[in-house]
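Novice: For the protein sequence lines, the chains are A and B, in the order given. Counting in this note's numbering, the first sequence runs from 866 upward without gaps. Counting in this note's numbering, the second sequence runs from 5 upward without gaps.
Source of the hints: derived by calculation from the structure; they are not laboratory data. Note that the structure is predicted; figures quoted are calculated from it, not measured. Errors might be hidden in some of the hints.
Using C-beta positions, here's what the derived DEER-type ranges look like [to be verified]:
1. T275(B) x R965(A): 38 to 44 angstroms
2. L43(B) x Q997(A): 17 to 23 angstroms
3. A296(B) x L1121(A): 43 to 49 angstroms
4. A996(A) x V167(B): 49 to 55 angstroms
5. F1000(A) x T275(B): 23 to 29 angstroms
6. R118(B) x A926(A): 47 to 53 angstroms
7. A996(A) x T264(B): 28 to 34 angstroms
8. I128(B) x G1096(A): 29 to 35 angstroms
9. C929(A) x V155(B): 29 to 35 angstroms
10. R118(B) x R1095(A): 42 to 48 angstroms
11. A964(A) x L162(B): 55 to 61 angstroms
12. L1121(A) x T204(B): 21 to 27 angstroms
13. F868(A) x T275(B): 53 to 59 angstroms
14. Q1043(A) x L213(B): 41 to 47 angstroms
One-sided and incomplete, this derived list gives chain B residues near chain A with beta-carbon spacing under 10 angstroms [said to hold, decoys possible]:
15. P34
16. A112
17. F117
18. K146
19. T191
20. I199
21. V301
Where chain B lies over chain A, by a calculated footprint (3+ residues, C-beta under 8 angstroms) [stated by the list, open to error]:
22. 885-893
23. 896-910
24. 943-956
25. 966-979
26. 989-997
27. 1083-1092
28. 1106-1117
Virtual Cβ for every residue (Gly too), placed ideally from N, Cα, C.
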Amino acid sequence: MPFVRWLRRNLVVIAGLITLGYLLLPNLVVTVFSFNKPKGRFNYEWQQFSLDAWTNPCGVADMCGSLSLSLQIAFWATIGATILGTMIAFALVRYRFRARGAVNSLIFLPMAMPEVVMAASLLTLFLNMGAQLGFWTILIAHIMFCLSFVVTAVKARVMSMDPRLEQAAQDLYAGPFQTFVRVTLPIAAPGIAAGALLAFALSFDDFIITNFNAGSTVTFPMFVWGSAQRGTPVQINVIGTAMFIVAVLLVLAAMLVGKRKNKAV
Amino acid sequence: MTTVTETPPAPPLTPGKETRKPRKRGRLVPYWLLLPGLLWLVVFFALPMVYQASTSIQTGSLEDGFKVTWHFATYWDALADYWPQFLRSVLYAGAATILCLALGYPLAYLIAFRAGRWRNVVLILVIAPFFTSFLIRTLAWKTILSDGGPVVSALNALHVLDVTSWIGMTDGNRVLATPLAVICGLTYNFLPFMILPLYTSLERIDGRLHEAAGDLYATPATTFRKVTFPLSMPGVVSGTLLTFIPAAGDYVNADLLGSTDTRMVGNVIQTQFLRILDYPTAAALSFILMAAILIMVTVYIRRSGTEDLV
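The shape of chain B in the complex, shown without the other chains (with noise of 0.2 angstroms):
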């Protein structure tokens, strides 16, 4: 193999250059390439977006049809009927992130650097949850969690039940359609977004600079702090990222796990849309949440300093 590659008198640094020269025609091809798929982005994407801005600005029924006439009222109704859903959808969100990474965190550190042999199969488990219909495994914790059994019982013999009713987060004995079942049910169902990006970057650290902080004699925690923790942001920032947006927007767990007092802005889009079919106010609060999450992501990625990230 070695032989062959050093055939060519001056090997070419930039790939793209050999392949491309001696064929004219072939500076079009990168076009063909993106052509198909990026039409499918522009029409299915890009443009359902323009639409949905339309939509929400506009004034009718279903019977008479809609118009654009520019009511761009739809909006401040919209947050003042649901202010309480949108801050519900951060609340929960943020507290299933910050739950996803403290619970991420030492698994993801656990198959970086403890799990020796063991670490494919540990991350097979991690990904393994994903194989059955995430619908039915979300069902399964309204056994887990039901009324009486095992986990609420432990719990509240634990008293941790009296400290969660005290700040709202479950209602006395019960901890199925309260804030605190919605919210274990999206750090279950993000947890795995988190574990694999920690992962993939505490992989990457070499494990020859936690020997040297530790001949500088600084303790495990101290090494912690000062050197894996703060190499490790790359992954921190995109997991919580990648567990936050689709959280705020989920209402799937606040329908199943939750009640009439845990609906999130995803419940309401998902009712108006579907059920209601008050399209304008559907549409409105559908662009509002997608301005929202492009602002606190745009700002979060800019005071994290990584950028480059996307």
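Bound-form chain A, shown alone (with noise of 0.2 angstroms):
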């Protein structure tokens, strides 16, 4: 029976497939759901091909502003956790001091707390204080949650490096902060990018913490979780849509990017 063959081969390449499925479904409802002109407030059921969300997105009301704070509270909290993160990743390969397991385990443990822990703890700080819930404690908190990440993928990048090749830049007479900037800093660059793209898409869309430390204040997640109670707007699945296909483009361009400079080398 070649069929039964084939297909026992291959069960882990169908299984895998129907895996992938799952994860994809929900991104292609959005998008098909995106084109919906619904009855209703809420956009659950497929009624007819419309393609007026697409032609006015921002037309409903506080959704493009909410969209805006989201994208310039990642923006900060991206520059934040990255500068930090990289400071703490550089000395915790380069050097050797006191307390490292200390260090180690403070950096771990947040990407080890449940999230609604962290943000119920940080908002009783911030009652305690008495601080003002907004911009600024939302900021805050969103430093304090990517710089575990940042510290792991910067670490990873500097711990793989030569360093003959600092000593090389060191033998040619460049001074410290020459070598660190002309040569240091370029092999690390991939590292601190990729920590600082991970920041911003947490930032982005983090919902838990944000939900518990932004007071009156409505990110972009904060106004998707308030109309899933009072009715999803169209735009909604605009906004989703759109994300991904830019996202999705910027991933393939950097691959691209990235073949033609390894076929250079």
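Two chains, two separate frames, one set of hints: put the complex together.
Specialist: This is the structure in structure tokens:
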């Protein structure tokens, strides 16, 4: 039975593709329903094809404002977390110092903690300090939970660096600063970029920690959460689809550039 | 390039020594590098834990303010009132983790060994869902699992819903607003966190080991059981942790896809903190969740013998 043999050989491929389908199905639904024209307030049932939402993406009150706020917070959180995280990563890989274990666990713990615990405890701190909840408390929280991920990403890259390249630079009379800017930083750049991208994605999409520490400030995920109660506008799907397309194109472009570079070397 | 690197008379083995030796003040460099980031983590991650612990033993009211009265009874009351939600969190997160492993392993295996030139494309497709806000994607499950929709009808026709209703996972002809919907959403949301570590550890396996097993007359099943799976254990351990921990604290799926009968401990913490404003109870619940997860993780890592993971 050639078919049964083929099936047995490719069973894992079939199972894997089913999982891939499970992962991508919601994105398909989001995209299809961005062309829907729902009857009621909720966009859960297919009614008829329409381009209304695509031609008027900011047609819903407050949505584009929340989107721009989320982008701003993600931008600043990325910068903050990337700078602080890169510094920690370099210290961890390049130097010996006391209390290394304690430092490592302080960086590991935020990644091993359920978000809701971090969110709730941070809120108790802000409440006790009498801090005004809003932009700044969200930014503080986002830098806090993105930091560990940046450290992990940068550390991996710096660890695999050949230290002799820096020694070579110094043998050629480059000062410490020059060595760092011209040799170390360019080699570590992919790791730093990966950490920054991760931080941006985590911050932009964060809901639970923001939900606790935002006060009455509305980020994009908070807007989506609220709309799940009040009624989901089609425009949410438009933003979701557009984000998906832009990100996939960016990744493909990065891959193509990477390939060409590899060929050049 | 090689001529340059060979110039130093005796290439030092440790990179730090050579670069640090000439400058005495360089000794403080690591501390300056660590200071800002660690300060941030201490003030906004560690200190809040202390505040949370102190809030959990306070009594009082919103109007008169809360005071620390060492009122540990809050913990017992919280556990007595909300043990079903705790139990549900563990059960749902556990079920989602097992499903993630069962669904994620074949896909990770496919990417590592069978995808060939399609490897990067499949990897991107695994990460791609992240690019759309997870709340929007979770809402999409409301459409997919809607009453009388194709998925529910198919499950009904295959008599799957009869079985799941019998064990209390679904309710008659409905999937939405049942435990099954919540588990399905949790599985979906945290599946990439299972696939990526699995893929990383599978990818490191030397393909020649498979050939060697085959040469020694091992069937594909035996090869998997004796070679591939044991070698992928680090990925299994970190994957299960990365799915179980966030799933146990999640309240988004239970809120959007579930009903009042599927509330998890995260839902309780959220409503106590943000709507009922009973801060001591909420802090106590959050503290119990943290302690429970830390204990479970420590025991799990010890038992699976991969302590170097951390």
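Novice: Output the numbers, in ascending order, of every earlier hint that fails for this structure.
Specialist: Violated: none.
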